[in-house]
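Trainee: Sequence:
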Amino acid sequence: MQTTDLEPEFLAPLENLTVTQGRDVHFTCVVNHLGTYKVAWIKSDSKAILAIHTHLVAHNPRLSVTHNGHNTWKLHVSTVQKNDSGTYMCQINTDPMRSQMGNLDVVIPPDILNDEETTDGGVAPENGSVRLRCKATGVPEPMVLWRREDSRTIVLRHDGGREKQGLLTTLVSRLRGVKGEVPTSEKNYFDGLCNWCLL
Numbered sequence: 000m001q002t003t004d005l006e007p008e009f010l011a012p013l014e015n016l017t018v019t020q021g022r023d024v025h026f027t028c029v030v031n032h033l034g035t036y037k038v039a040w041i042k043s044d045s046k047a048i049l050a051i052h053t054h055l056v057a058h059n060p061r062l063s064v065t066h067n068g069h070n071t072w073k074l075h076v077s078t079v080q081k082n083d084s085g086t087y088m089c090q091i092n093t094d095p096m097r098s099q100m101g102n103l104d105v106v107i108p109p110d111i112l113n114d115e116e117t118t119d120g121g122v123a124p125e126n127g128s129v130r131l132r133c134k135a136t137g138v139p140e141p142m143v144l145w146r147r148e149d150s151r152t153i154v155l156r157h158d159g160g161r162e163k164q165g166l167l168t169t170l171v172s173r174l175r176g177v178k179g180e181v182p183t184s185e186k187n188y189f190d191g192l193c194n195w196c197l198l
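The sequence shown runs 0 to 198 under numbering that gives the first Met the number 0.
Because the hints were derived from the structure by calculation, they are not lab data. Just so it is clear, the structure is predicted and the values come from calculations on it, not from any experiment. Treat the hints with care, since some could be wrong.
Claimed, not checked - Below are the DSSO-like pairs computed for lysine-lysine, each with C-alpha atoms no more than 27 angstroms apart in a straight line:
hint, residue 1, residue 2
1, K81, K42
2, K46, K81
3, K37, K73
4, K46, K73
5, K42, K73
6, K81, K134
As the list claims (entries may be wrong) - Simulated DEER-style distance windows between Cβ atoms:
hint, residue 1, residue 2, range
7, T136, H75, 26 to 34 angstroms
8, H54, G21, 45 to 53 angstroms
9, D23, I51, 53 to 61 angstroms
10, L16, L55, 57 to 65 angstroms
11, L55, N102, 15 to 23 angstroms
12, R61, R151, 45 to 53 angstroms
13, T152, I48, 53 to 61 angstroms
14, T65, N102, 39 to 47 angstroms
All C-beta atoms, glycine included, are put in the ideal place defined by N, C-alpha and C.
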């Protein structure tokens, strides 16, 4: 067992991070009195050792580690991807082991899917009905919001209102002699996007 006059101690907690997919991010671990012990970086959910001191163990070109020569170690993740989400650990090989953890949440900008579940538009006679469908993806799960361009009420079978929402939304709208555009917009906490359906 290694001995030092002073035991290693963390000077600051490992922060929880939120980043948009494709951006760069880093965790910072600050340790005093490390002595001959080593700092390791581990992805807790997979138990994978990513780096020990300044030596990268993981075979991932998007990962790197830096040390300021004193008491600060950083784990860098470049071009963050969805599978980078999870809990990361900064660990000191004392006995018992000392560690602290931080979460990485990856936000994926919203996107309206152009597939069989999304409708580009519809045609119906006056006082007829039309069915519009919109499907969007993103993390966190986006909210789909439907509005008429002219701000008039969207009339459904049993109720009305100036806007409707839902991730996969089906509208049955009664057309009252006025052509209009029903935009569908979807957004999460970080981004917005708009797609137009012509009636």
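Trainee: Taking the beta carbons of H54 and G21, is their distance inside 45 to 53 angstroms?
Mentor: violated (27 angstroms)
Trainee: Next pair to validate is K81 with K134; report whether the Cα-Cα distance is within 27 angstroms.
Mentor: Holds, at about 20 angstroms.
Trainee: K81 and K42 were given as a pair; does the straight-line alpha-carbon distance stay at or below 27 angstroms?
Mentor: Measuring from Cα to Cα gives roughly 14 angstroms; hence the hint holds.
Trainee: Given the hinted pair K37 and K73, is their Cα-Cα distance within 27 angstroms?
Mentor: Status holds; Cα separation ~13 angstroms.
Trainee: Checking one constraint from the list: CA of K42 to CA of K73, max 27 angstroms. Satisfied?
Mentor: Holds - the C-alpha atoms of K73 and K42 are around 14 angstroms apart, at most 27 angstroms.
Trainee: Given the hint that K46 pairs with K81, does the C-alpha gap stay at or below 27 angstroms?
Mentor: Holds. K46 to K81 sits at ~18 angstroms (cutoff 27 angstroms).
Trainee: Quick check: does the Cβ-Cβ distance between T65 and N102 fall within 39 to 47 angstroms?
Mentor: Violated: the Cβ-Cβ distance is about 21 angstroms, outside 39 to 47 angstroms.
Trainee: Take the C-beta atom of T136 and the C-beta atom of H75, compute their distance, and say whether it sits inside 26 to 34 angstroms.
Mentor: The hinted range 26 to 34 angstroms holds for T136 and H75, with Cβ atoms some 28 angstroms apart.
Trainee: Can you tell me whether the CB distance of L16 to L55 sits inside 57 to 65 angstroms?
Mentor: Hint violated: Cβ distance 20 angstroms, outside 57 to 65 angstroms.
Trainee: Kindly confirm whether 53 to 61 angstroms is satisfied by the beta carbon distance between D23 and I51.
Mentor: violated (22 angstroms)
Trainee: Indicate whether the distance between the beta carbons of T152 and I48 respects the range 53 to 61 angstroms.
Mentor: Because 59 angstroms falls inside the window, the suggested range holds.
Trainee: Does 15 to 23 angstroms hold as the CB distance between L55 and N102, or does it fail?
Mentor: holds (22 angstroms)
Hint violations for this structure: numbers 8, 9, 10, 14, all remaining hints satisfied.
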